[in-house]
Each structure stands twice: as structure tokens, then as C-alpha cells.
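Using the sequences provided together with the hints, build the complete structure.
Chains as they are written, first to last, in my numbering: chain A, 1 to 122; chain B, 123 to 210; chain C, 211 to 1105.
Each hint should be verified, as a subset may be incorrect.
Stated by the list, open to error - Simulated crosslink set (EDC-like; lysine to aspartate or glutamate; CA at most 20 Å straight-line):
1. C:Lys879 <-> C:Glu942
2. C:Lys299 <-> B:Asp144
3. C:Lys299 <-> C:Glu481
4. B:Lys139 <-> C:Glu481
5. C:Lys1041 <-> C:Asp1031
6. C:Lys1008 <-> A:Asp10
7. C:Lys1008 <-> C:Glu976
8. C:Lys1018 <-> C:Asp1031
Stated by the list, open to error - Some chain B residues judged to face chain C by a derived CB distance under 7 Å, without partners named:
9. Ile161
10. Trp184
11. Leu187
12. Ala192
13. Ala195
14. Leu198
Since the hints were made in silico from the structure, they are not lab data. Backbone N, C-alpha and C fix where the C-beta goes; we use that ideal spot for every residue, glycine too.
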Amino acid sequence: MASHVLLIEDEPNIAEAIRFILSRDGWQVSTMADGIGAAEAVREARHDLVILDLMLPGCSGLEVLEAIRADPVTEAVPVLMLTAKGQGRDREAAERAGVSRFMTKPFSNAEILASVRELVAR
Amino acid sequence: MRRPRAPLFLKRGSYRKRRLRDAARMLPVLGVLLFLVPILWSPGDTTRPDTARDGIYLFAVWIGLVLVAALMAPGLAGESADDEGEER
Amino acid sequence: MPFNILVLSCLAYVACLFLVAFLAERRAAMGRIGWLRSPMIYTLSLSIYCTAWTFYGAVGYAARSGLEFVTIYLGPTLVFVGWWLLLRKLVVIGRQQRVTSIADLISSRFGKSNLLGVVVTLLAVVAATPYIALQLQSVTLSFGVFASETPEGWALPDRDSTAIWVAAGLALFTILFGTRNLDAKEQHHGVVLAIAVEAVVKLVALLAVGVFVVWGLAGGPAEMIERIDASPIADWELQPGRWAGLIFVSAAAVICLPRMFQVMIVEDGEERHMARASWAFPLYLLLMSLFIVPIAVMGLERMPAGSNPDMFMLTLPLSEGQGALAMLAFLGGFSSATSMVIVESIALATMVSNHVVMPIWLKLRPKAAISGDVRRIVILSRRLAIVAVLTLGYLYYRFSGGSAALAAIGLIAFVGMAQVLPVLVGGLYWRGATKVGAVAGLLTGFVVWAYTLYLPSFGPGAALSVAVFEQGPGGIGWLRPQALFGVEGMDPLLHALFWSMVLNTVAFCAVSLFTFPGPVERMQGAAFVNVFDAEAAGPQGWARGRAEPEALLVMTQRILGKEAALAVFAAEARGQGKEGYLPDATPDFVAGLERRLAGSVGAATAHAMISQIVGRATVSVEDLMAVANETAQIMEYSAELESQREELTRTARQLREANEKLTQLSVQKDAFLSQISHELRTPMTSIRAFSEILTEGDLPPEMVANYGRIIHEEAIRLTRLLDDLLDLSVLENGSVQLNLSLANLQQLIDRALASASHTRPERVFEIHRDLPSENLFVRTDADRLVQVFINLISNARKYCDSGAPELKITVRQRSGRVSVDFVDNGSGIPKQSQGIIFEKFARLTDQTRAGGAGLGLAICREVMANLGGTISYLPGQGGAAFRVTLPLRLDQKAA
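Here you go:
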């Protein structure tokens, strides 16, 4: 059974790139353009992995992460966070909030694929 | 009136200055005494004319006062500025 | 000697004095006072103590009473030798309080009481009148000596007219040099110098006559002594009472006589000068007295019996055929008389105008202190007073008949002025002395003096009836004028002196003990008694802020004259660190001003005038002042603390603000770097991902094309970002090169609209423009301006959230500047964000991003700054509204 990945990314081009890479590897990928309602979506669809952009319109990636971790149903879902800012402060904040892995853009396709595989396999 | 604290011991210069002021205060008293001396002589010996002698005595005292005042004046003048603790 | 030559030489001498006085005045006016104020001149000016009474009268006195005449000079000698006791204090107070006369000093000491000023003035005028008459008489007598063929027959037919001419001439001279200016301090350099010259003349004349008598007539000092002992003078008996009393009264007179006070304190009072005078003036007196007895002895010996001994100074040389010497002696006597009259009338005129005329005038016209020409009034009143004083003197001379011996008149005046002494000394050394006490003492002394000495001097039956003399007023025996309380057989002069001084002092002390001084009185008392304590200086306290500086200036101008007043005020304003001519009316300034005015019009008048402006009632009603003064000080102190606290708070706030700004800047810098990182990495991520995908091959061609397009787009986005960043950096550094040209604003807006239409071309905007108003030429960098316009229009196209979007462009031209408003009909920018929209990366929302990196408005702001203009957000326009302003014509320099 193909694992279900939720991709939350506001940059359409990046979202398309990640979707293409993961789909080609056999993952089922849903995408969202902002963080509003993301936690509820995870709770309902029981995604195996959430890929989350830190900077999102509406509410930030951190807020989405906190919401996921706050819910007992979804707290165990691995979350891969992406950011383009690349500041140490953001990484620390994400780790405190319980991020599973933190990746800085840009990344190689192999990198993200390996991370996704690893996180789901855990 | 608040009285400025007067030092007990003064420098030699200041001490001299103060005694000079004392002298300046005493001088007119001395002058009065000397100028009143003729009163004592007057009625006594009328037999001998003594107007010239009296006159010479008065002018001598007068000259004496002028000289003493002239000697003291430079020391007294122009020190009102540093008039610290003048005794009153 | 022909009378004409005498008159001519007199006129020549007076003309000479005129010249001296005139030159001195001019020198002083040019500020080159120098030796005009020297101990030497000061000492010589004091010689007005030696009047014609000394010059002529002393010889007569010696002929009648032997050595007794010396007492008149021993008193002053003691006072000056002992200057450290009293005169020094008087001089310091006189300078500090800017005293104008003895009446002013007394009035000022006792709470600036005008009543006291009037009493002292009255006393001085009454006492001085016979004295002035005496001078007129002696000048007339001396004229007579020369005019008559025989020296004894000095009864000149036109004696009265001589006196009137002398009086008129003296009045003219006095007015010319005594009232020419109304200085801050009553100083008359010309008069003082003229008097110094006269002092030399009279000393030289007297010494010359003396030398002639001793060496020429007597044959040397030794012979002279023998002759003295052989002469009738040797029979003289010293009367102990008179001897001591006369020393005392002459000592009192030298302090209290108005003319002595004038030269000693008012004209040039300085401790330095006083120190020199302390011995030089007694020496002068000694020299003046030295040959008196020899001249008297020789006169009695040589002159025929019945000759007037008062005129021996002239008649002796004349009878010995020494015309030139007699002429010199005449000039000496003339000098003595004129200098006394001049200074005395100046002093009296000052007193009369300051204590009688001015108060009355101010009372009649209270508003005149501010509006009237006080200066003119003061000078006029002084001139009239001089004329009046001389007229009184002349009338006294005329009606007393000029028969009394010179010495007697002089002594009467001395005893009269001595009445001021108890009050003066008490005021200087006793803080408990009160105004009421002073008035009581002065009036008592005045009445007793007048009753026992002054009125009887006119002779029995003249002023007082013979009955009063013999039985007392109304038959009360113990009130007989020359035997008060039944004390009979006393010398009349001594009797009057004793009773007047005793009763005066007793009344003064007793009333002082039982009365209560007012606040001003007490402050002045403290200031006088403790004049050498620095802390006691500045006794007057005016409440802060009550006085209008402009009103004070106007009033000061009336008294000191325009330039002097402006100089005083400007100096004070500078001292306070203010520009212009109007300082704050601080209590210190007002007090200083009062003292300055007091130097012209007297303490009481100055106080009354200032009171009228400062708003306090006149001198008498001031019981609240001490309290008000203290309160003012406390308030001043707390206000000072308050302002210091405010200052500290302000500084702290500024520091906090600076710190916040720095923190903010640091945060902004971090945010900026973070933003740049984000803006760069985002397109890079897409490019990298898709380029890897494309590299791997095995893709359908349409996807290759699609992904290739994405890569291209993102590359363009990167390029644009880099362009913007570079642009911004160039603009911020101010190193941008502007291409200035004349451009039509309308065309520029057209261009901008055309370019901006590529942004979200799907949106249809309704554009409102007023073309005629746009039709103006601006000199600027057209491309840069269009860049700003494009940015604003694009923003409107991107962010205007109205269903039917509209954009209104309004152009206005005002005073060399052009403003262009861009207003859309969207929801605008929320208030809290309006402050940051011009910051870098201040994109408010990412929802409708159209390729911008959030640098647009930041660039616009920098562009406008480079174009010498501004860009700002206009709140409250019903949509997003931006205003661009720029100069109509931009110079290269301003760029």
C-alpha cells in the first residue's frame, strides 16, 4: 500500500517538484497551499508523513506543527519541515515543537526522497 | 545672624592685619585723649602766656596723628575684598 | 585796586573753572575717567569742608577766641584718622545702595521711608541756608574790601547787588555742571575737578599769606612765637566745655553736612580713596590752620583798632602794599565760597528733588512712573531747587543784615546738621533702630536746635520775643530757650548742642525700643548693619514674574535715558542667556535695577516707581513681603528640582528610544538577511529540483516543456530580485546617476500606466485623471520617476481588492513643488501597517504575490529621496493612497 504524504507548500513550483519526485517513487501525495485546516486534514486522512513549509500564508508552519503534535491522534505522525530562510533560530523553534526532520532549501531530489523514506520507515 | 566660624589661630600675615585694624580703631581714641589734654592745663597758670606752647602741642599731636594714619593707610586700604571673618 | 580789574579777574577765574569742569566732563563722557577718580582728587574735593568761614572766618575766630578755632578742624581730623570705625562702613554702604544724599541714606536705611527723607531734607535746607548766606556775605565783604579806598570802609553802596550777582553766577555754574546729566550714580566729574582746583588755590593762597606774615612781617618762627605770646590772643582762656563740644560737633558735621556727604560718599566714595584721605585730608586741614593764629596776631598788631578781623586775610596784605598777594588771597576766599555753594546746592537740590518733588509728583500722577518723562522732571526739579536754595541763602543774607560774625553762623549750621548723627550712627550699627524712632529723634533734635539756637540767633525780639527769652514761652521758666530745664549760665551754643543731642538720642533710642520695624525696614537694617557680611547683601526681594520686563524698560528709559537703559537691559539679557533686550524680570534683576534707579532718583522714589510696575502697593504696606519672598524662594527651589527631574526623565527617554532604535535596526538587519535568503532560496529550490528531474530524462515532452518554463520563470524571478537589490543599494548609497531632463508629467504618467498594465493584465481598472492639470513640465530624472509611478500603479493593480477597481491620479502644483496622488478604491492599508510599507521586504501578504520581492516601495522611497522629493501614504482616502511630491525643477546639486 502506497504511503500517503501531505505536502503543505505555498510556492506552486516547489510543490509541483516535490509531488513529482515522490509520486514517481510511488508515494501518494496530497498538496495544500496554506496551513489553514492542515492539522484537521492530517487527523482525518491519517497521513503517514507531513511535509511542511515553514513560511506559509495564513498561519505559519510552526503553528501547524504544534497543532499536529497537540492532537493525540496525530502526534506520532512524522513531520518533515522545509525552510528557505535557513536560520538557526527557526530550526531550534521547530525542534522544540517536535519536528522530525528539518531541511533547508534548496535540496537535491535524492535528499528529500531519502528523508521521506527514512521517516516513514521508522 | 549666622556667625561665620572664626578660626582660632591665624597665619602671621592675617594676624598682623587684624592687629593693624585694631590699631586703626584705637587711633581716634588716642587722638581724642591727646586733643583733650589742654583742658587739664587751662585754668592753672594764667600768669605765663602759653598760647603759643598750646598751639605747638596741638599741631605736634596733629602731625603725629597724620603720620601714623599715613603709615597705616596702605595696610588698611583695598582689603575689603578678602575681608574674612572681620571681628565685630 | 580798581574794582573793574577785580571783577574781570574773578570772571577770568570762573571761566577757567568752567573750562576745567568742561574738559573733565568731556573726558569722563569719553570713558577716560582715569585720574579724575584718584585718591588725590578725592582728598582735594573733601576740602570743601574749608569754606569762606575757614578762609576768612577762622582768622577772625582766632582773633576773638584764640586757639578755639582749631576744634573745628580737630573733629574732622579725628573722624578721618579713625576712618576704619565709621567712614569705611559709610562708604561701602553708599556704594552698595547707590546712595544719592544723606537724606537718601537715612530714608533707605529705615525702610526707604520718604517721611524720613523729607525730614532730613528739611533739616538740611534750614541748616544750610545761613551757611550759604555766609558764603555770599564773605564774597561780598571781600569785594567790598577791594572796592573801597580805605580798607576798613568796606560798606559798598551796591553790596546787595554784588551778592545777587554772585548768587546768580553760582546758580548758573551749578546748573550747568551739576544737573547736566542724570547718571546712574550722581557723579559730577567736572564739578569735582573744579573743586579740586579751587582747593589747591585756596591752600596756596592761605599758605602764601601765612608765609608772608611769618617771614615777611614777623621775621621768622621764633619771633612769631614771641609775638603770639605778647598779643591779646594770649589772654585767651580755654573753656573745657566748648573745647570738647566743638570737637564733637565738628566731627559730627564733617559726616553729616550735605556737601561733605556729597563729595565723600556720593561722588567718589571708595575705600582706596578713603584710605589716602584718612591722612591727607587731616594734613590739608592742618596746613589750612597752621598760619591762622599768626595772621590773626599780626592783624591785631598791625591793623587799626576796630578793623574787622574776619577780613585780615585781605586787609593785612593790602595794608602792607602786597596787592598781588591780596589778589591771590581774594581768589582763595572766592574759591572757598564758590566751591561750597556749588556742592551744597547740588546736594540740597538732589535731596529736594528726590525726596520732596518726585514723591509729590508721583503721588499726583501715579501712572507717570511708566508713561511720563521722569528724566525731564527730575532735572527740571533739580535746577529749580538749586535756584531756590541760592535764593533762600540770598534772602537770609539780605534780611539777617550780614552783621553776625562768620564763625557763629557756621557753628549754628554745624549743630543743626549734627542732629542727623545719632540716627545715622544708630542706623549703621544698631539693627533695632526703627523708622519711628528715627523720626522722633530727628524731629526732637530739630525742634530743640531751632528753639535753643537757630531762632535765638536772629537776636532777641526777632524770631522769638524778648519775653520768651526771659520768662520762657507762656511764662514757663524751665522752657526758656537758653536755659532749658533751668540750666542757666551755660554757653548758649553748648547749651543747645547738649540738649538737642541728648534729647535727640534719647527720643531715638526710646522710641526705637518700643516700636516694631516693618519688613523692608528690617531687611534694610540688616543690609546696613551687616554690610560686610556677603550673605546680607541684596536685601530687597521682589517676587518673581510679577514685573513686565517691557514696562520696566520703558520706565528705566525715562530715568536713565534710552541708550543707557537699553545697555543695562541687554547686558542683563545676555547674562541670562537670552537674545535681545528683554531679560526675565528676576528678583535679582529688579532689585539691581531699583538700586540703579535709586542712584538717580533716590531709594524711596525708585522703590515707589518699581512698586507701581511690579504691582505691589507703595512702600508702607508691605507686611506680606517677607513671607512672599520666602515662598518665592521655596517655589523657585522646587521648580528647579522639578525641571531637573524632567530633564533626567527626558534624557532617559531619549536613551531608551535610541536603544530601541538600535535594537530595531539590528532586528531589521537580521530580518533583511533572512528575507534575502528566503527570496533567493525559493526560486533556487524550484530550479534545482526541476533541473535534476530534467537531467534524469524519461519524461514526456510536454512535461519537459512545462518544467523548462518553470525553470525559466524562476530564473527571471531571481534576476529581478538581484536587479532590485542592486538598485536599492545604489539608491541608498546616493551614488545613483540621475539623468535630468525636462519632461511632461502627463506623458510620464501615460508611460507608467502603459507599463503597469502588464501587471495582472486580466484586471480592468477604471483610471480617473485630470489631463490639463497634468500638463506641466518637470525637470527631473524621467525614467526614475516613471519607475516610481509604475510601482504604485502595479501595486494598485495587484492589491486593490475592489470588485470594480478604480484608480484616481491627481496632480497638484504648489510653490515650486509638484504632488501626484495615486488613490485606489480598495480597502487600503491597515493603520498599523502604514508605518512599515516603505521598509524593505514589507510585503504585507503573500496571497496575491505577483513576482515582487517586497522591495518596490522601498525602492520608490529611495528614488524619491534621490529626486529631492518624498513618497508617503495618505490615510483616510477611502483606499490605498500614495502621494509623491517632487520639486518642479530639480538642480543637479540637490540630487
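Evaluation of the provided hints:
no.: 1; hint: C:Lys879 <-> C:Glu942; in the structure: 15 Å, holds
no.: 2; hint: C:Lys299 <-> B:Asp144; in the structure: 15 Å, holds
no.: 3; hint: C:Lys299 <-> C:Glu481; in the structure: 9 Å, holds
no.: 4; hint: B:Lys139 <-> C:Glu481; in the structure: 16 Å, holds
no.: 5; hint: C:Lys1041 <-> C:Asp1031; in the structure: 19 Å, holds
no.: 6; hint: C:Lys1008 <-> A:Asp10; in the structure: 18 Å, holds
no.: 7; hint: C:Lys1008 <-> C:Glu976; in the structure: 14 Å, holds
no.: 8; hint: C:Lys1018 <-> C:Asp1031; in the structure: 8 Å, holds
no.: 9; hint: Ile161; in the structure: 4 Å, holds
no.: 10; hint: Trp184; in the structure: 5 Å, holds
no.: 11; hint: Leu187; in the structure: 5 Å, holds
no.: 12; hint: Ala192; in the structure: 4 Å, holds
no.: 13; hint: Ala195; in the structure: 4 Å, holds
no.: 14; hint: Leu198; in the structure: 6 Å, holds
Of the hints listed earlier, there is not a single one the structure fails to meet.
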